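Student: In case you want the letters, here they are:
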Amino acid sequence: EPEVTQTPSHQVTQMGQEVILRCVPISNHLYFYWYRQILGQKVEFLVSFYNNEISEKSEIFDDQFSVERPDGSNFTLKIRSTKLEDSAMYFCASNSGSRVNEQFFGPGTRLTVL
Amino acid sequence: DAKTTQPNSMESNEEEPVHLPCNHSTISGTDYIHWYRQLPSQGPEYVIHGLTSNVNNRMASLAIAEDRKSSTLILHRATLRDAAVYYCILRVNYGGSQGNLIFGKGTKLSVKP
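Going line by line, the protein sequences match chains A and B.
Going letter by letter, the first sequence gives residues 2 to 115 in our numbering.
Going letter by letter, the second sequence gives residues 520 to 632 in our numbering.
Quick caveat, the hints were computed from the structure, so don't treat them as lab data.
Among these hints, one or two may not hold up.
As the list claims (entries may be wrong) - Within a straight-line C-alpha distance of at most 25 Å, the following computed BS3-like cross-link-like pairs (lysine-lysine) qualify:
hint : chain 1 : residue 1 : chain 2 : residue 2
1    : A       : K84       : A       : K58
2    : A       : K58       : B       : K588
3    : A       : K58       : B       : K631
4    : B       : K624      : B       : K522
5    : A       : K43       : A       : K84
6    : A       : K79       : A       : K43
7    : A       : K43       : B       : K522
8    : A       : K43       : B       : K624
9    : B       : K627      : B       : K588
10   : B       : K522      : B       : K588
11   : A       : K58       : A       : K79
12   : B       : K522      : B       : K627
13   : B       : K522      : A       : K58
14   : A       : K43       : A       : K58
15   : A       : K43       : B       : K588
16   : B       : K588      : B       : K631
For clarity, every value in this text was computed on a predicted model and none was experimentally measured.
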């Protein structure tokens, strides 16, 4: 069964450093998303991406964040200058564009900012 | 998006049915009812969705009240692997719109052997 994959599974970084979280969505999917979940809290939407551009973003997704689909398979989330409060699980998801709107989530990347 | 209300936690015994309720009294006519679950240390996983009629799939059943102000996710025989946080989410589904999901706190289901 096709699945969304994410790398790395755990990323440790120093405050102020740039990080890039990588995702490989399911191959024929058209819509891509990033969510995050701070430990013990709700899953929060960050951004959605369709047709090579951002279609929606939340208040969390400020100028420190960017997304890119550099080739036909990868979807990346970049945080330019990490803060302590960026420590969280980051989930990538993808959607085929069918009427069901079923989103398939990856296993997540745990980001720890020291 | 319309708001949903779910109990914080529920317990079940293994092999028994589980009924997870969700109230959504402000649901609009175009809102679909989606259920996702999140197993420990994993990403959320789609379970089922419906609009007006009851729905069944291999994972669960969804019973929707006639006035659509509430719904119930039914796991027919709970297994230990069903222990997870279950989220009831309302989304508008229409052609070309595949927007984000708004997660609440969900219901944490514990399954006892």
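Student: Give a verdict on every hint.
Tutor: Outcome of the hint check:
no., hint, verdict
1, K84/A x K58/A, "holds, 19 Å"
2, K58/A x K588/B, "violated, 29 Å"
3, K58/A x K631/B, "violated, 40 Å"
4, K624/B x K522/B, "holds, 12 Å"
5, K43/A x K84/A, "holds, 19 Å"
6, K79/A x K43/A, "holds, 21 Å"
7, K43/A x K522/B, "holds, 15 Å"
8, K43/A x K624/B, "holds, 6 Å"
9, K627/B x K588/B, "holds, 22 Å"
10, K522/B x K588/B, "holds, 11 Å"
11, K58/A x K79/A, "holds, 14 Å"
12, K522/B x K627/B, "holds, 18 Å"
13, K522/B x K58/A, "holds, 20 Å"
14, K43/A x K58/A, "holds, 17 Å"
15, K43/A x K588/B, "holds, 23 Å"
16, K588/B x K631/B, "violated, 30 Å"
Of the numbered hints stated above, those contradicted by the structure are hints 2, 3, 16, listed in ascending order.
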